[in-house]
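In the numbering used here, the protein residues as written are 6 to 99.
Treat the hints as calculated values from the structure; they're not laboratory data.
Just to be clear, a hint being listed does not mean it is correct.
Taking lysine to any residue and the SDA-like style, the derived pairs with C-alpha atoms no more than 20 Å apart in a straight line are [to be verified]:
1) K89 / K22
2) K8 / L60
3) K66 / H77
4) K22 / S69
5) K22 / H62
Beta-carbon label-pair distances, calculated as ranges [what the hints assert, rightly or not]:
6) D65 / Q41: 17 to 23 Å
7) D98 / S52: 24 to 30 Å
8) Q80 / K39: 26 to 32 Å
9) D65 / K31: 17 to 23 Å
10) D98 / E24: 28 to 34 Å
11) M6 / K42: 26 to 32 Å
12) D65 / G34: 22 to 28 Å
13) H62 / I11: 16 to 22 Å
14) I38 / N78: 16 to 22 Å
15) E93 / N67: 23 to 29 Å
16) N78 / D17: 17 to 23 Å
17) K22 / R92: 29 to 35 Å
All C-beta atoms in this analysis are idealised placements derived from N, C-alpha and C, irrespective of residue type, glycine included.
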Amino acid sequence: MSKPYIISYDLDEPGQKYEQVKKTIKSFGGSYIKIQKSVWLVRTSLSPDDMCNQLQHTMDKNDSLFVCELVHNYQGLASKETWKFIRENIFPDN
6 MSKPYIISYD LDEPGQKYEQ VKKTIKSFGG SYIKIQKSVW LVRTSLSPDD MCNQLQHTMD
66 KNDSLFVCEL VHNYQGLASK ETWKFIRENI FPDN
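All chains should be built: construct the whole structure from the sequences, respecting the hints.
Now the structure itself:
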């Protein structure tokens, strides 16, 4: 069963592997959207541990990573297209 998650990271050194991080997140299966520079929403059947383990291979020891399951209680500022995607693909059951 897939669930919604937020993924946030900081790659501390210039020239870090942003493309590898992006490719890894897209490989999780399910839906995904980048909502800020280093913040993604995903809907996947992977666990937070699974996602962290896969992402750690693209990061250095001084980088940071946060993965957390989301609930359908959110608000923010984003484009109409982003909100539509979130409603239809990240929280489709609500």
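Check your understanding: Given the proposed pairing of K8 with L60, does the C-alpha separation stay at or below 20 Å?
Key -> 18 Å, holds
Review point. Does the hinted range 16 to 22 Å hold for H62 and I11 at CB?
Key: 20 Å, holds
**Study point:** Verdict for D65, Q41 (Cβ pair) under range 17 to 23 Å
**Key:** 21 Å, holds
Practice item. Hint says 24 to 30 Å; check whether the CB-CB distance for D98 and S52 agrees. Key: 19 Å, violated
**Study point:** Outcome of range test on Cβ distance (D98, E24; 28 to 34 Å)
**Key:** With a Cβ separation near 32 Å, D98 and E24 satisfy 28 to 34 Å, so the hint holds.
Check your understanding: Using the C-beta atoms of I38 and N78, is the stated range 16 to 22 Å upheld?
Key -> Given a distance of about 18 Å, which is inside 16 to 22 Å, the answer is holds.
Exercise for review: Could you tell me whether the CB distance from D65 to G34 stays inside 22 to 28 Å?
Suggested key: Since D65 and G34 have Cβ atoms about 26 Å apart, the given range 22 to 28 Å holds.
Point to revise | Holds or violated: K22 to H62, with C-alpha atoms at most 20 Å apart | key: 10 Å, holds
Practice item. Confirm or reject the claim that M6 and K42 have a C-beta distance inside 26 to 32 Å. Key: 30 Å, holds
Check your understanding: N78 and D17, beta-carbon distance inside 17 to 23 Å?
Key -> At 31 Å between Cβs, range violated.
Exercise for review: Take the C-alpha atoms of K89 and K22, compute the straight-line distance between them, and say whether it is at most 20 Å.
Suggested key: Roughly 29 Å between the alpha carbons, so the hint for K89 and K22 is violated.
Check your understanding: Do the beta carbons of D65 and K31 sit within 17 to 23 Å of each other?
Key -> Check passed, 21 Å falls within 17 to 23 Å.
Comparing the model with each numbered hint stated earlier shows that hints 1, 3, 7, 8, 15, 16 do not hold.
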